[in-house]
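*Asks:* Sequence:
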Amino acid sequence: MTINGQLKVLFVINPISGGKQNKDWEEEINNRFNDSPNQISIHKLKGEDDESELKTNIAKYKPHKVVAVGGDGTIKMVAEQLLHTDITLGILPAGSANGMAKELGISEDVDEALQIINNGAVKKIDVIRINDKEISIHLSDIGLNALLIKHYENNEVRGMWGYAKAIFRVLSEKRYMLVEITTSEDHLVRSAYMVVLANSRTYGTGAIINPEGDLYDGKFELVIVRRLSIRELLKMVITHKPFDPDKIEIVQTDQVSITLRHHAYFQVDGEYRGKVKGLQAKILPASLSIMLPLDKERRIW
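The opening position of the sequence shown corresponds to residue 25 in our numbering, with each subsequent residue numbered one higher.
These are calculated hints, taken from the structure and not from any lab test. Any given hint could turn out to be false.
What the hints assert, rightly or not - Calculated cross-link-like contacts (lysine-lysine; reagent style DSS-like; alpha-carbon spacing at most 27 Å):
1) LYS271 / LYS174
2) LYS243 / LYS147
3) LYS157 / LYS265
4) LYS86 / LYS174
5) LYS198 / LYS148
6) LYS70 / LYS47
7) LYS84 / LYS174
8) LYS265 / LYS198
9) LYS301 / LYS198
10) LYS89 / LYS79
11) LYS243 / LYS148
12) LYS299 / LYS198
13) LYS68 / LYS79
14) LYS198 / LYS271
15) LYS148 / LYS68
16) LYS32 / LYS47
Please work from the sequences and hints to get the whole structure.
*Replies:* Below, the structure is given as structure tokens:
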């Protein structure tokens with residue numbers, strides 16, 4: 025409930041998003057909202073107990089909107105706290121790749137992103153629940169891309185050059201996985217380099233991995249990458265071209281059980297999660313309210 029039309033907005037800042045050259049977002053936000061009629065509060069992530077501290081702050085402050093200032097990992101963390109609530113998620117892109125922001129049509133230009141936060145459209149999107157433990161709102165995968173993210177996180181070089189450097193390490197380590205996939209409709213056994221749980225269409229680099237992706241259809245896609253060349257890996261980093269359809273298989277579902285013969289690398293929304301030997305996932309339809317550009321809202325619905 026607003027008081028005299030006043031909204032309470034909580035900005036959640038990840039100070040390490042985007043690398044060492046990141047701007048002072050706290051100062052930037054305070055300067056821009058100095059004359060705002062709304063109540064503005066800042067919550068800075070520390071790298072320890074972030075989830076519990078954020079949950080406590082949201083319960084105490086009771087904001088109308090919570091704005092994630094960071095990359096896909098920051099957005100995911102904030103989204104976890106807003107699931108199945110009336111609190112709206114806003115995004116101020118400040119990561120290295122900003123894949124989810126790109127998917128939603130949210131500009132990396134600060135003024136344009138803040139305009140969406142102030143006056144955008146509110147729409148509920150689907151998210152994927154993984155192992156009844158965490159959510160994925162963008163793209164998660166098992167296999168080579170997760171290995172790429174692992175190397176990237178351990179790399180001092182950020183941005184596109186950091187991804188390109190990580191690719192050379194991945195090429196020397198790539199190997200097939202034997203994967204058993206069970207959905208509500210199918211049972212498949214495949215050899216693959218990568219299996220993607222895709223709620224959306226593109227990686228943060230712009231590579232289109234899932235042309236059928238739709239954040240609002242109550243489904244997600246399993247993208248099984250059966251073959252992977254240097255050219256396909258480079259697409260993940262430097263181009264906006266779709267993957268070769270002859271090298272992938274797409275299965276649409278609302279739930280899945282995946283079993284691997286051997287442990288494989290796993291990532292969720294750009295955050296490396298270690299090795300797994302299987303997982304369970306299901307869709308949570310229309311479970312997260314999010315701010316979108318007005319033109320994006322008109323174009324999709």
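*Asks:* Next step is simple, just say for each hint if it's right about the structure.
*Replies:* Against the structure, the hints come out as follows:
1. At most 27 Å may separate the alpha-carbon atoms for a hinted pair to count; LYS271 and LYS174 meet this at roughly 24 Å.
2. This hinted pair checks out: LYS243 and LYS147 have alpha carbons roughly 17 Å apart, not beyond 27 Å.
3. For the hint pairing LYS157 with LYS265, the CA-to-CA distance comes to about 33 Å; that exceeds 27 Å, so the pair is violated.
4. Annotation: proposed proximity of LYS86 to LYS174 is violated, straight-line Cα distance about 36 Å (limit 27 Å).
5. Pair hint LYS198 plus LYS148 does not hold up; C-alpha atoms about 38 Å apart against a cutoff of 27 Å.
6. Of the supplied pair hints, the one linking LYS70 and LYS47 holds, its CA atoms being roughly 16 Å apart against a limit of 27 Å.
7. For the proposed pair LYS84 and LYS174, the alpha carbon gap of about 35 Å is over 27 Å, so the pair is violated.
8. For the proposed pair LYS265 and LYS198, the alpha carbon gap of about 22 Å is at most 27 Å, so the pair holds.
9. With a C-alpha separation of about 17 Å, the suggested pair LYS301 and LYS198 falls inside the 27 Å cut-off, and the hint holds.
10. Straight-line distance between C-alpha atoms of LYS89 and LYS79 comes to about 14 Å, which keeps the hinted pair within the 27 Å bound.
11. At most 27 Å may separate the alpha-carbon atoms for a hinted pair to count; LYS243 and LYS148 meet this at roughly 14 Å.
12. Between LYS299 and LYS198 the alpha-carbon distance is near 15 Å, which keeps this suggested pair within the 27 Å criterion.
13. This hinted pair checks out: LYS68 and LYS79 have alpha carbons roughly 13 Å apart, not beyond 27 Å.
14. Note on LYS198 and LYS271: the hinted pairing holds, with a Cα-Cα distance of about 16 Å set against a maximum of 27 Å.
15. For the hint pairing LYS148 with LYS68, the CA-to-CA distance comes to about 26 Å; that is within 27 Å, so the pair holds.
16. Restraint check: the Cα-Cα separation between LYS32 and LYS47 comes to about 24 Å, which is no more than 27 Å; the hinted pair holds.
Hint check: violations occur at hints 3, 4, 5 and 7; the rest are consistent with the structure.
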